[in-house]
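Trainee: Produce the entire structure from the sequences given, and follow the hints as far as they go.
So the sequence shown is numbered by this note's numbering: it starts at 1 and just counts up by one.
Treat the hints loosely; a few may be bogus.
Said to hold, decoys possible - Derived CB-CB ranges, DEER-like:
#, residue 1, residue 2, range
1, D92, P212, 31 to 37 Å
2, A147, A68, 28 to 34 Å
3, F88, G125, 17 to 23 Å
4, I211, F88, 26 to 32 Å
5, V20, D92, 23 to 29 Å
6, V91, N168, 36 to 42 Å
7, A147, V206, 29 to 35 Å
8, L143, G94, 31 to 37 Å
9, G56, V20, 29 to 35 Å
10, N141, T179, 33 to 39 Å
11, T179, D92, 32 to 38 Å
12, M69, R214, 33 to 39 Å
Derived by calculation from the structure, the hints in this document are not laboratory data. Just so it is clear, CB atoms sit at the ideal spot from N, CA and C, and this is done for glycine as well.
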Amino acid sequence: MTTEINQTGNADAKPVCYLVTEGNPHAYPLLRCDTVTIVTRAEWGANACKSVNYMGTPVSVVFIHHTAMSECHTQDACAEEMRVIQRFHQVDRGWDDIGYNFLIGQDGRAYEGRAWDRIGAHTKGWNDVAIAFSIMGDFSNKLPNAAALDAVKAMIDLGIKLGKITPNYKLYGHRDAGTTECPGQTLYELIRTWDHFGRVGDQPPVKPTPIPYRPTASTGGNY
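Mentor: Pasting the structure below:
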């Protein structure tokens, strides 16, 4: 069974995501969105967030991270890794929730973190103006596979279509806004070649002014 979900805020717009239960062996439906499948928080077994703070969208900045932890190549393995990362962020670091907006597995799926509208804990000083995608694994000395890289690009395109990311967004690696090696040297060298990469020479990125949060029917994980 599939259920159409329209997150554009326009009742006449064609739905871009579908809840899929048929053929899914797990307890909760997946979200199939155009060219990418999103594994919801319920599907990967997330704990409840401690508190929720929202940001205005669309954002004009996208950050790419790596987790510098384990890779995963199946939905079951990635769901377990999501639970590990959430425990690390909530318990060890004392954060409200898993830090990133979405995480990407090498199974080619996106995993819902704080989703589109919630302020993350991913890039200090930028969390209220940016969306972060983090690929699970350590990419200091190798690249993620093609499925993961394609999923990142598909999620950015989806964010634009949903009105969560501006079409003229700027893309950065975590290291561009902080003292860190993230997202790993090899992955960073790749994203520098992507369209919308915003770093010019040694000039640090300029933080845009946060825009006011306006609640809509599509807030958070309601696709």
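Trainee: Take the hints in turn and mark each one as holding or not.
Mentor: Do the hints match the structure? See the list:
Hint check: D92 to P212, Cβ distance near 33 Å, so the stated range 31 to 37 Å holds. As the Cβ distance of A147 to A68 is approximately 20 Å, the hint placing it in 28 to 34 Å is violated. Evaluation of the 17 to 23 Å hint for F88 and G125 yields a pass: the beta carbon distance comes to about 22 Å. Judged by the Cβ atoms, the range 26 to 32 Å given for I211 and F88 holds: they are separated by roughly 31 Å.
Hint check: V20 to D92, Cβ distance near 34 Å, so the stated range 23 to 29 Å is violated. A hinted range of 36 to 42 Å for the beta carbons of V91 and N168 is consistent with their spacing of about 39 Å. For the pair A147 and V206, the beta carbons lie near 33 Å from each other, so the given range of 29 to 35 Å is met. In this structure the hint that L143 and G94 lie 31 to 37 Å apart at CB holds, the actual value being about 32 Å.
Between G56 and V20 the beta carbons are some 30 Å apart, a value that agrees with the proposed interval 29 to 35 Å. At about 20 Å, the beta-carbon gap between N141 and T179 misses the expected band of 33 to 39 Å. Checked against the hint of 32 to 38 Å, the C-beta distance between T179 and D92 comes to roughly 20 Å, which is inconsistent with it. A beta carbon spacing of about 35 Å between M69 and R214 agrees with the range 33 to 39 Å that was offered as a hint.
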